[in-house]
Amino acid sequence: MTLLLVELEKLRTIRSAWLLFAAGVLMPLPIVIAMLIGTSDYGPVAQNVIDLAVLPAAIAGVLAVTACAREFEHRTITVALMTEPRRERVIVAKAGAAAIVSLAMATLFCALCLGVAAVWISSAGGVWPWTGHQTLEGAGGTIALTALIAVAGTGFGALVRHVGGAITLMAVMYLVVEGVLVARVPAYHDWGLTAAANSVIEPTLPHTYAFSAGMAILLGSSLAYLALGIAAVRRADV
Amino acid sequence: MLTVEGLTKRYRGESVVDGLSFEARAGRVTGFLGPNGAGKTQTIKMILGLIHPTAGRVTIGGSALLDHPRPGRVASGVLDGGAFHPGRRVLDELQLQAYAAGADPERAEELLDRVELLPAARSRIGTLSLGMRQRLALARALLADAPLLIADEPANGLDPAGMHWLRALLRELAGEGKTVLVSSHLLAEMERLADDVVVIAHGRLVASGPLSELASVRERRVRIRCANPRVLGARLRARGLTVSEEDEELVVAGADARAIGELALAAQIAVHRLVEDEDDLEERYLALTAGPGPRASSARAADGGVVPASASPSPESAA
Numbered sequence: 001m002t003l004l005l006v007e008l009e010k011l012r013t014i015r016s017a018w019l020l021f022a023a024g025v026l027m028p029l030p031i032v033i034a035m036l037i038g039t040s041d042y043g044p045v046a047q048n049v050i051d052l053a054v055l056p057a058a059i060a061g062v063l064a065v066t067a068c069a070r071e072f073e074h075r076t077i078t079v080a081l082m083t084e085p086r087r088e089r090v091i092v093a094k095a096g097a098a099a100i101v102s103l104a105m106a107t108l109f110c111a112l113c114l115g116v117a118a119v120w121i122s123s124a125g126g127v128w129p130w131t132g133h134q135t136l137e138g139a140g141g142t143i144a145l146t147a148l149i150a151v152a153g154t155g156f157g158a159l160v161r162h163v164g165g166a167i168t169l170m171a172v173m174y175l176v177v178e179g180v181l182v183a184r185v186p187a188y189h190d191w192g193l194t195a196a197a198n199s200v201i202e203p204t205l206p207h208t209y210a211f212s213a214g215m216a217i218l219l220g221s222s223l224a225y226l227a228l229g230i231a232a233v234r235r236a237d238v
Numbered sequence: 239m240l241t242v243e244g245l246t247k248r249y250r251g252e253s254v255v256d257g258l259s260f261e262a263r264a265g266r267v268t269g270f271l272g273p274n275g276a277g278k279t280q281t282i283k284m285i286l287g288l289i290h291p292t293a294g295r296v297t298i299g300g301s302a303l304l305d306h307p308r309p310g311r312v313a314s315g316v317l318d319g320g321a322f323h324p325g326r327r328v329l330d331e332l333q334l335q336a337y338a339a340g341a342d343p344e345r346a347e348e349l350l351d352r353v354e355l356l357p358a359a360r361s362r363i364g365t366l367s368l369g370m371r372q373r374l375a376l377a378r379a380l381l382a383d384a385p386l387l388i389a390d391e392p393a394n395g396l397d398p399a400g401m402h403w404l405r406a407l408l409r410e411l412a413g414e415g416k417t418v419l420v421s422s423h424l425l426a427e428m429e430r431l432a433d434d435v436v437v438i439a440h441g442r443l444v445a446s447g448p449l450s451e452l453a454s455v456r457e458r459r460v461r462i463r464c465a466n467p468r469v470l471g472a473r474l475r476a477r478g479l480t481v482s483e484e485d486e487e488l489v490v491a492g493a494d495a496r497a498i499g500e501l502a503l504a505a506q507i508a509v510h511r512l513v514e515d516e517d518d519l520e521e522r523y524l525a526l527t528a529g530p531g532p533r534a535s536s537a538r539a540a541d542g543g544v545v546p547a548s549a550s551p552s553p554e555s556a557a
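Which chain is which? The protein sequence lines are W and V, in order.
The first sequence begins at 1 in the working numbering and counts up by one.
The second sequence begins at 239 in the working numbering and counts up by one.
The reader is advised that the hints may include incorrect statements.
What the simulated footprint calls covered on chain V by chain W, stretch by stretch (three residues with Cβ under 8 Å from a Cβ of chain W suffice, anywhere in the stretch; the number is not a length) [to be verified]:
hint : stretch
1    : 279–290
2    : 303–316
3    : 324–330
4    : 334–346
Just so you know, these hints were derived from the structure itself, not from any lab.
Cβ atoms here follow ideal geometry from the backbone N, Cα and C, with glycine treated the same way.
With the rest of the complex left out, here is chain W:
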């Protein structure tokens, strides 16, 4: 618990973490407003807003990678590992702190963007297209997905221990490799990570996975990346 609070305090006391946090919350807002201005069909608005979660999720990944890998670049990791030589604890604490910050970021993103959209639709005399349960499921899935991306980001940061390299590897894995697999392997298209992610952020559409199964797949994937990172750090000389 102490380690987790120390990692949160580390994030609180640097500006870049705050800038990324603010970007994750606010960047989608102009897009939401542009989207609302440009349409009178409010049916797909809720899903379109949730789909913008890709922005805070990507920023959560960058924040987590930066929080972990920059410690190795600045060599401040030596201080953390002198205080707690059991390295897996330090990396898990980093993942926990990044996940908590990302949870907060995604929660604010959902509250702000869904709130603005709801007020806009209401003021235009429209009806919110989702039921309360669907809205909660979509928002909850978005928030959880963002936190899990942060956990994976910590794993990438620990694995590569270089901010640029780790972000590149993460982008390659989630965009290039995932994209190729989805496009070329029909079974992966139905049962892969993208399918799992869709099942948690698209509450009104039919999916191969149930919400909880999709969440379990995403959790397993993020923990696998984190475990790889921990293994690399445990073996490394710092």
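Go by the hints and put chain V onto chain W.
The following block gives chain V in isolation, referenced to the frame of chain W:
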């Protein structure tokens, strides 16, 4: 007390630290000396658990670091010229490290005062000079109040006043009963600071023990200017002495002036100048670290005194 036994680190079969053994005692400042690239930083990082040794073990107070319930309160270190996030404020850095170390966060301000950085408490670390960062790194290392403090080249970046301050601080910490291990490649600095020294070269121990004893093994030499250096030199060599020539003088190692003067008289050679001198500690240090030494375990004499590499056979050679 810190005990290092047979510590070895190899990268791709090449040893950077090779069978290093030594002790650093509580209440004393131990200077860890060696030229650049001798393996000091690698050794320190192995002691602190940051680098995995290929062989050997390190105990602090009789137990391995990881066997202590709170390892961070057993040993602390100043490494990498004071590694910090440049965007964090000085006081924030110390307060979060105080929390990590389980220390009272109020101790952060107390330590900032002790390292004379209180006026910079709200500054971002990136704006500090190298010397100020070294002071901050020391303050951070002192937060846990660990009985073992290891500092890797802490004098880097300090001005003369800062070095004076550093010496006083480290002596004070040793006076409080802490074990203080300080690495440096500057012998002059260690002469003013250390009680004991551990000298390594090429990853191997070449001497260890009290600094005063390292000084006592300085080699005596006699310089002689005479009418017939060729003949006198031959006679000295015939007696098994080592003779070299410098600036038209014979330099004789391992004998005193009286014996050489009597030998010259017996040979009927007029002596114009006869001076007995000792190499200074710097020369001794350079001589010790110039070539690869024997395995570490050989270098400490049975009585705990300083034994230079050449004076003591290695276990392998003894066998």
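task: Could you tell me which of the hints above the structure violates, numbers in ascending order?
output: Of the numbered hints, all hold.
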